[in-house]
Amino acid sequence: MGVKFKDIVTPENIKFQDLESKIVALDAANVIYQFLSSIRQVDGTPLMDENKNITSHFSGILYRTSSLIEKGIKPIYIFDGRSDALKKDTQAKRREVKEESQKKWDKALEEGNLEEARKYAVRSSRMSRDIIEGSKKLLEILGVPYIQALGEGEAQASYMVDKGDAWCVGSQDYDCILFGATRMVRNLTITGGKANLELITLKKVLENMEITREQLVDIAILVGTDFNSGVKGVGAKTGLKLIKKHGDIFSVIEKNDYEMDVDPAILRKLFLEHNAVEDYELKWNSPDKEAAVDFLCNQHDFSEQRVLSALDKFAKLDNKQKSLEDWF
DNA sequence: CGAGGCGA
DNA sequence: TCGCCTCGG
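Counting the first sequence from 1 gives a position; the numbering used here is that position plus 26.
Treat the hints with caution; some may be incorrect.
[Said to hold, decoys possible] Simulated crosslink set (EDC-like; lysine to aspartate or glutamate; CA at most 20 Å straight-line): (1) Lys271 / Glu240; (2) Lys113 / Glu299; (3) Lys30 / Glu240; (4) Lys339 / Asp314; (5) Lys114 / Asp199; (6) Lys339 / Glu316; (7) Lys230 / Glu38; (8) Lys229 / Asp33; (9) Lys114 / Glu125; (10) Lys30 / Asp115; (11) Lys339 / Glu46; (12) Lys229 / Asp188; (13) Lys295 / Asp188; (14) Lys124 / Glu136; (15) Lys270 / Asp33; (16) Lys163 / Asp106; (17) Lys124 / Glu142; (18) Lys315 / Glu96; (19) Lys113 / Asp199; (20) Lys189 / Glu304; (21) Lys229 / Asp191; (22) Lys145 / Asp132; (23) Lys229 / Asp44; (24) Lys295 / Asp115; (25) Lys295 / Glu240; (26) Lys32 / Glu233; (27) Lys189 / Glu240; (28) Lys295 / Asp274.
None of these hints come from the bench; they were simulated from the model. None of the values given here were measured: they were computed from a predicted structure.
All chains should be built: construct the whole structure from the sequences, respecting the hints.
See the structure below:
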């Protein structure tokens, strides 16, 4: 879910053209979760092969990646590593919601209520180890680089953008800017040629609100993050007001006599001082056509015609790399 | 979600 | 050709 910053962050609308030849560091968990949630049949059943393995994420990764590359964008996927112990509560709550949703999905199916069924199916989406491993395998076949983060994928992606190795993080979660991503892009989807890309620039966000990054993190701590529950009744707007009035989280807590479930100093450190993998190589190879057909078609029942036409779109990246090599 | 088919 | 709808696995 991430921090609820929608009310205080004003995004800039951009076009896919603006991302041409740029490296976009995709938050793999965020992207894959979107696919698992939305690539479903009317009754909520995900796409599956004949052995009942879920394949929605394969469909999503194949078509999303090929479409981005066709647009001249260079995608990389960043996978989550070990999550901080502070995330346990959030994870437990999510697990509970998913189990509850699974029951409601089953019930709606029994009652023949398709709309209701799909709604709860979406909420029941779970990311298993198999789904992560399968996604990595597909990316390897497609020749698309991925990085295994030490901790939060968003932290790693943010580090890479900050360093200049990627132009922006691609994610729906505003957490990226807390982790220091200088740019993030939301709604990286292509529905019927129409896009609603939102560029969020950390510098502009801070300038608009006239605050520092530390203060932005402090607002998040008040609002609540994946690592703490925040203060009840304090949303982004109130949080901003409070931090601007009192300067920092410690003063806000003292002046208002708030109780925090996690020490703000620890939370600050989590967002401001995270460490990252540094020895990565970003290299895009041509997709392995034979392996792609074997994996997607033979093992997971994809249509060969569809897979091949998606793979054709990777030629764009190939040509660019070749022409660059020729140049030197 | 994204591709492909179909009707206007 | 475009927008809408259904299917994909």
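Pairwise hint evaluation, Asp106 against Lys163, where the allowed Cα distance is 20 Å at most = holds (16 Å)
ask   = Is Lys339 within 20 Å of Glu316, Cα to Cα?
value = The given pair, whose Cα atoms are some 16 Å apart, holds under the 20 Å limit.
query = Is the Cα-Cα distance between Lys32 and Glu233 20 Å or less?
reply = holds (17 Å)
request  = Quickly compare the C-alpha distance for Lys295 and Glu240 to 20 Å and report which way the hint goes.
outcome  = Given that 20 Å is the threshold and the Cα spacing comes to 10 Å, the pair holds.
message = Between the alpha carbons of Lys229 and Asp44, is the straight-line distance 20 Å or under?
response = Holds - the C-alpha atoms of Asp44 and Lys229 are around 18 Å apart, at most 20 Å.
query = Are Lys114 and Glu125 close enough, with their CA atoms no more than 20 Å apart?
reply = Measuring from Cα to Cα gives roughly 16 Å; hence the hint holds.
query = Does Lys114 pair with Asp199 here, judged by a C-alpha cut-off of 20 Å?
reply = holds (19 Å)
ask   = Between Lys295 and Asp188, is the straight-line Cα distance small enough, at 20 Å or below?
value = Holds, because 17 Å separates the two Cα atoms, which is no more than 20 Å.
query = When you check the alpha-carbon spacing of Lys230 and Glu38, does it fall within 20 Å?
reply = Between Lys230 and Glu38 the Cα gap is close to 10 Å, so the pair holds against 20 Å.
inquiry  = Tell me if the straight-line CA distance from Lys124 to Glu142 falls inside 20 Å.
reply    = holds (15 Å)
Restraint status (C-alpha distance of Lys189 to Glu240 at most 20 Å) = holds (19 Å)
inquiry  = Would the hint linking Lys124 and Glu136 be met if the CA-CA limit is 20 Å?
reply    = holds (18 Å)
No hint from the list above goes unmet by this structure.
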